[in-house]
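Chemist: Protein chains in written order, with the numbering used here: chain B, -16 to 308; chain U, 482 to 1150.
Keep in mind that the hints were calculated from the coordinates and are not lab data. Some hints could be false.
The calculated lysine-lysine pairs, modelled on BS3-like cross-linking and capped at a C-alpha distance of 25 Å, are [as the list claims (entries may be wrong)]:
no. : chain 1 : residue 1 : chain 2 : residue 2
1   : U       : K674      : B       : K167
2   : U       : K893      : B       : K47
3   : U       : K604      : B       : K42
4   : U       : K1117     : U       : K1142
5   : U       : K605      : U       : K655
6   : B       : K41       : U       : K604
7   : U       : K850      : U       : K890
8   : U       : K727      : B       : K167
9   : U       : K709      : B       : K167
10  : B       : K42       : U       : K1035
11  : U       : K994      : U       : K702
12  : U       : K655      : U       : K615
13  : U       : K1097     : U       : K1076
14  : U       : K702      : U       : K1097
15  : B       : K42       : U       : K794
16  : U       : K688      : B       : K167
17  : U       : K890      : B       : K41
18  : U       : K890      : B       : K47
19  : U       : K1097     : U       : K1117
20  : B       : K42       : U       : K615
21  : U       : K893      : B       : K41
22  : B       : K41       : U       : K660
23  : U       : K615      : B       : K41
24  : U       : K1097     : U       : K674
With beta-carbon atoms standing in for the labels, derived distance ranges [what the hints assert, rightly or not]:
no. : chain 1 : residue 1 : chain 2 : residue 2 : range
25  : B       : M165      : U       : G1070     : 34 to 42 Å
26  : B       : V8        : U       : D536      : 30 to 38 Å
27  : U       : K1007     : B       : M165      : 27 to 35 Å
Where is the CB? At the ideal position from N, CA and C, for every residue including glycine.
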Amino acid sequence: MASMKAYMTRRLIETIIVVFFAMFVNFFIINLAPGDPARIMTGEFGYACPEYVEAMRKKWGLDKPLHERFLIYLANVLKGDLGYSYGYYSPVAQLIAERIGATLLLMLTGIMLAFVIGTLIGAQAGRKMGSKTDMTLSFINLMLWSMPVFWLGLILILVFSVWCGFFPTSGMMSVRTEYHGMWKYLDILWHLTLPAITLALAELPIYFKIVRASVIEQTSEEYVRTFRAVGMREDKVFKRYVLRNALVPPVTMLGLHLGYVLSGAVLIEVVFGWPGLGRLLLEAVYRRDYPVLMGMYLVTSICVALANLATDLIYMILDPRIRYR
Amino acid sequence: MCLLMLMLLVLTTAMPTGIWELKAQEVEGPRLGGTLVIAISGDPKSFNPDSQVDDMGYPIFSVIYNKLVTLDINYNVIPDLAYKWEASPDGKVYTFYLYPNATWHDGVPVTSEDVKWTLEAIKKFKGIAYGNIKAENIEKIECPDEHTVKIYLKEPFAAFLQFLAWYGTFIMPKHIYEKYEDWMDPNNPYLNKPVGSGPFKFVEWVKGDHVTVAANEKFFKGRPYLDKIVYRIIPDPTTAVQALLKGEVDYLHMRPPLAEVPKLQKTPGINVMIRPTPSRYYIGFNLEKAPFNDIRVRRAIAMAINRTEIVRKAYQGYAFEAKGFYIPAISWAFNPNIDVPPFDLKEAEKLLDEAGYTKGPNGIRFKAKITYFTIYPCEQVCTVIRDNLKKIGIDVELEGLEIAAWEEKVVKRKEFDMALCDGFHGPDPDNIRFRYGPGAYINFAGWNNSEAKELLDEASKTVDQEERRKMYWRVQELMAEELPYIPLVDLVWIYVSRSEFHGFPWEPESQGKVGYYDHRLVWWEKGKPIGPIVIEAPTSIEAFAGDSVELKVKVTDSEGAAITNATLTVNLFKNGELIRTIGASHTGGGVYLAKIDTSGLSGDYTVKVAATYVLKGFKMSGGESISLTVKPAYMKYLPYVAIAVVVILIAVAVAYRLIKKRREEEEEG
Chain B
-16 MASMKAYMTR RLIETIIVVF FAMFVNFFII NLAPGDPARI MTGEFGYACP EYVEAMRKKW
44 GLDKPLHERF LIYLANVLKG DLGYSYGYYS PVAQLIAERI GATLLLMLTG IMLAFVIGTL
104 IGAQAGRKMG SKTDMTLSFI NLMLWSMPVF WLGLILILVF SVWCGFFPTS GMMSVRTEYH
164 GMWKYLDILW HLTLPAITLA LAELPIYFKI VRASVIEQTS EEYVRTFRAV GMREDKVFKR
224 YVLRNALVPP VTMLGLHLGY VLSGAVLIEV VFGWPGLGRL LLEAVYRRDY PVLMGMYLVT
284 SICVALANLA TDLIYMILDP RIRYR
Chain U
482 MCLLMLMLLV LTTAMPTGIW ELKAQEVEGP RLGGTLVIAI SGDPKSFNPD SQVDDMGYPI
542 FSVIYNKLVT LDINYNVIPD LAYKWEASPD GKVYTFYLYP NATWHDGVPV TSEDVKWTLE
602 AIKKFKGIAY GNIKAENIEK IECPDEHTVK IYLKEPFAAF LQFLAWYGTF IMPKHIYEKY
662 EDWMDPNNPY LNKPVGSGPF KFVEWVKGDH VTVAANEKFF KGRPYLDKIV YRIIPDPTTA
722 VQALLKGEVD YLHMRPPLAE VPKLQKTPGI NVMIRPTPSR YYIGFNLEKA PFNDIRVRRA
782 IAMAINRTEI VRKAYQGYAF EAKGFYIPAI SWAFNPNIDV PPFDLKEAEK LLDEAGYTKG
842 PNGIRFKAKI TYFTIYPCEQ VCTVIRDNLK KIGIDVELEG LEIAAWEEKV VKRKEFDMAL
902 CDGFHGPDPD NIRFRYGPGA YINFAGWNNS EAKELLDEAS KTVDQEERRK MYWRVQELMA
962 EELPYIPLVD LVWIYVSRSE FHGFPWEPES QGKVGYYDHR LVWWEKGKPI GPIVIEAPTS
1022 IEAFAGDSVE LKVKVTDSEG AAITNATLTV NLFKNGELIR TIGASHTGGG VYLAKIDTSG
1082 LSGDYTVKVA ATYVLKGFKM SGGESISLTV KPAYMKYLPY VAIAVVVILI AVAVAYRLIK
1142 KRREEEEEG
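Assemble the whole structure, with the sequences as input and the hints as a guide.
Modeler: See below:
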């Protein structure tokens, strides 16, 4: 157990270094990009006179040299201040916090659905490799995999919203009638259905493919043959041994995926008008809102690093052979 | 040539001419109530309407705040907070008279001090209108009384009124903002929940999802017809169109995907209206660089570009070929006598030959690059131009840049051959000065003509419109002679709305009355009827003095629905003189009862019943006159007296007969 503790400490320190390094890279890449944020903020050419642009530049400290700005930024972040958005006139932390709920709701629902369904049908297909079930599932999977997600989203809107009228086309809540209490949550769930299904359908093929391949690989392992030889029931072999071993790769994938949960699903959020962090990031790019961009990247890199850490831990539980030094 | 003519013909028939008319209205008159859901593509930045460029916020500010004056859909200056204004003959003093009953949404009156504070703040904090209204040119602002503002300019500035009416000039509440040192102070909570003076009050902003505003029942020009407007944030126009078709959204404050427009035009229940805008796409040359410093090359390129094809291919027909060198939308300043060089490939080739750029062995004269920004449909426009110029032997390479990078490269570093640009050319022709004028920042071609510069500077100080017109016409001639820029297409605004809503700013009933984003006069077919309320009562009553007359009236709206919460005033008049006021009470089902005590009255009277009824802050009224005849009280007993007389007479007659009979019997006996 001592070695485990030492390992965790080391991994934590590594994580911090990674996050710091990411911050450094983010800052410089963003700030070295062409285009002057003061000009973008002040909008269309011709209507912003030079004095106005200059006033904005000064106000946001964009007139200072780059290294100085980095040090200021670093000091602020260490104090827990992610900066002030000049695209939204709000603190960055507040902007991110306002949208975290909507993002987690969409991303976690979508990814978990994709993971569960993808794994289930992937395992089924892998178990019956070459059968008609496998062929059909693989074909559907390939179709889903090759569909652009915004297109899939629009088709779902057209079919289930415009033609059938089951779901709203977009947004997170009804605006014509106001709901209160439990109805409000049900209303949000109703709005969530289509975007979450789109996200699940878009992410599902990865899990399907990984699980299928991994099940096939495990089935051809020698221990399976041994179990079968000693007369163990096929069901038991599959459920207790093959599936469990085959789950390691999709869990890795899930870990990676969850790392990006806070960066949102830009395309789906845009198509469905879902007020998530992906759109915040996209708009920040358009508006050259550097503080929001850096804040989002920082949050994402922390999230990715933590997810990696968590994945390593889950490995240990899933596969006792994995040992750490 | 024949083919071209045919193409032109097809285009003119297929294009906007016929789209101006609207579908016939089936429901009469404005109605009250309803929620209008407008799709916009992004969040506002903040609710300080004057601090920064905010195209997403602008439509919302337009219903929450007021300017001194505003622009209607045709870019005419119309009253907003000021009902009247004057400019002194020398153009240096502007006087505005404010509506005296205007109030902020928190109840504080709007005064001339608010106007003064706003204009000074624009100057002090360098608001977005700082350059437009030439804030430094304002010498002083005086408030002779609460509702009069005098603005003194250092130099006359012809476009002052137009720019005050346009962008970043919303009057802000001094009593809220003066508490903070900076008007964008993050501690000011009103940056996110504004207090304005406009027809709608702010309700909520769920970031990324929607902004809701509700009718301001105390709006100084009268309550708006709608109850609520919700600005739904839908970033993807395709989704927005689906939401409109499904009825979740009623109006698109964005351009629908052009491919969807014909389908929308055919959909029942959807209105599509197409109008020209003062926005234009144009190409500029790098005048410092060969071969573009040669006027013959520029003219040849202008002649080789097929603008009909651009309209057709890049805009699916939803744009106008640019005419002349300013926009026809602002007609007084537009010089109709000159035009862009006509499409003529032969002449173009001849000009290039003359200029010494002959065709090489591969049919190429020279290579050039067009730099554009990656906004739809710039790439499509440039692709057409590339194909056009290939025909006269110019090998064009396309370079698409993100807008900031475009500016860096084209405007700042001048590393380009030709560049595509677009922009708003209004609200005043002074726009020519800071867009194309020599010395202007975004005059990226580097056009430098001293006569044009003098004329533009002079015109911007001249008050007399006729004088200005002459100068602008001459500048347009100079632009046509030197061709630093080639106008390409004028954009259209496509208004898509659900037909159950009427009275949008572009519709005839609202034109000239509201600003171009103000939905104050929009009304919903399914709302409650507005109009005189109907009173059902007897036309005449007769009574005897001293009686109590029960007057029953029924109050309904114009469609016959009972109104149960009306305030009834019943007044009794004789010969036009008010005798007394009588109370009335509701007895159920819209029937009201008034008891008129007639003691002490006699002769002919008029009872005037007036009902007022407030629906959602909107006051409606109706009235009815009833004639009342009061007869003297004794008249009431006349029949009894008559009967009594008759009875007595009969009795007397009977008695007489009896007595007479008795006497005869006695005589006989």
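Chemist: Which earlier hints turn out false for this structure, listed by number in ascending order?
Modeler: 4, 10, 13, 15 and 19
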